[in-house]
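S.K.: Spelled out from the first residue to the last, the chains are:
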Amino acid sequence: MATFRILLFSVLRQRMGEGTLCVEMPSPTTGAALLDQLTTDYPAFADYRGVVRIAVNHEYVSEDRVVGVEDEVALITPVSGG
Amino acid sequence: MATFRILLFSVLRQRMGEGTLCVEMPSPTTGAALLDQLTTDYPAFADYRGVVRIAVNHEYVSEDRVVGVEDEVALITPVSGG
Amino acid sequence: MDDNRWIALFDTPLEVAASFSFLQTPDAGGIDMFAGTTRQWTGSRETIRLEYDCYRPMALKEIERFADVACRRWPIKRLLVHHRLGVVPLAEASVIIGVATPHRSDAFDACRFLIDTLKQQVPIWKREFFADGTEEWIEGPKPPDVTK
Amino acid sequence: MDDNRWIALFDTPLEVAASFSFLQTPDAGGIDMFAGTTRQWTGSRETIRLEYDCYRPMALKEIERFADVACRRWPIKRLLVHHRLGVVPLAEASVIIGVATPHRSDAFDACRFLIDTLKQQVPIWKREFFADGTEEWIEGPKPPDVTK
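Protein chains in written order, with our numbering: chain A, 1 to 82; chain B, 1 to 82; chain C, 1 to 148; chain D, 1 to 148.
This is chain A alone, in the form it adopts within the complex (with noise of 0.2 Å):
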């Protein structure tokens, strides 16, 4: 098992509490599979499962990406720049 550590922003690090989560995982793993472990771990979460996408090392990936712990995860709810 692994210690994956998940960057927040904006209204999800708000209703997180915290601008990191961690996750306990076999590593390397996919995407998805953190997603789903994180709704696990907080349900609060489970609000923000759909419209989450996944930025992998500074670039958006599809959720069936392969994940290692030497990764950089953050999760980019939709964004409102500009």
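Be careful, since some hints might not be right.
Computed footprint of chain B on chain C, listed as stretches where at least three residues anywhere in the stretch have a Cβ under 8 Å from a Cβ of chain B [what the hints assert, rightly or not]: (1) 4 to 17; (2) 118 to 129; (3) 137 to 148.
Just a sample of chain C residues kept apart from chain D, beta carbon distances all over 12 Å, derived [as the list claims (entries may be wrong)]: (4) E51; (5) A70; (6) R73; (7) L85.
Derived by calculation from the structure, the hints in this document are not laboratory data. Glycine included, every Cβ here is placed at the ideal spot set by N, Cα and C.
Fit chains B, C and D to the supplied structure of chain A, relying on the hints for placement.
M.R.: Leaving out everything else, chains B, C and D in the frame of chain A:
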């Protein structure tokens, strides 16, 4: 007979060699009659007869507009500002 | 309306910062500003400067007239049209058009309408001076529309 | 390419004059510059300020990526994307997008593409503070497109 003074700009002023042309006509007349008289008096003007537009008192008008000697008349070739 | 509109002809360089400041208002969420600048190359022909002639009282009246049209068509909070006359060196702005609206899409549409209309309707003419020593008055692609 | 592109995030007010100067080049005939500004009223709801959060390294990378797309699609001579972060007071600019192209139509199209794409794709979020004391993080209308 009255003397109509007609303002020219850009290529037309360059081509005619002056910024104002004079034509002798009864006043009032029409834009079309003014243009016809100009073509007679200044053969070089004939090249522009088709593309020139008439402005009376700082507004575009159609050639059938009645024009008096007291009006400010100008000839506008296709513009190229901006 | 007049406080919300700044239409002017200049014989000096146009001022971008002052133009933008004028367009700023808490009523708007988007500002689109277009500037036409003197381009050096047209194909293989090199321009060294432009010079603009203008029928001033009519140009101002005509710009006001289609600014009215724009203000009826879009929810415009600020509108600016500045045109420079005389010599305009390479890369400098001959015209600045600016529009501020609550939402960005209207700002883009109105700004484009204003520059497109200016280029067809306003009695201003460009004389182009080329590197080979020649020069010519530029005539637009079609005459102004007298019915507009 | 890099000398022709200025992409940056700022914690200070955006500078319009410097942005415009950067966009000026004898290679271009048209510059379109869009600014998003803090609007006071949305219907009957009064905003008093905005605050922007950002995932900085990713935001820069994502802007660069779609600037590349724009430069392949249009003949862009200069491109600028500046976003302000933290507090942005009423009427001030949160974003400036600028594009210089040989002809004006491309400048408008590319500028609009850049702001539209930024608003859907770049990890920056707006927190709106209202006059009634409430505040909320704004979520965009749809999630970023991960396939773009």
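S.K.: All hints are to be evaluated individually against the structure, with a verdict given for each.
M.R.: Right, here's what the structure says about each hint:
no., hint, result
1, 4 to 17, "violated (count 0)"
2, 118 to 129, "holds (count 10)"
3, 137 to 148, "holds (count 12)"
4, E51, "holds, 16 Å"
5, A70, "holds, 15 Å"
6, R73, "holds, 17 Å"
7, L85, "holds, 18 Å"
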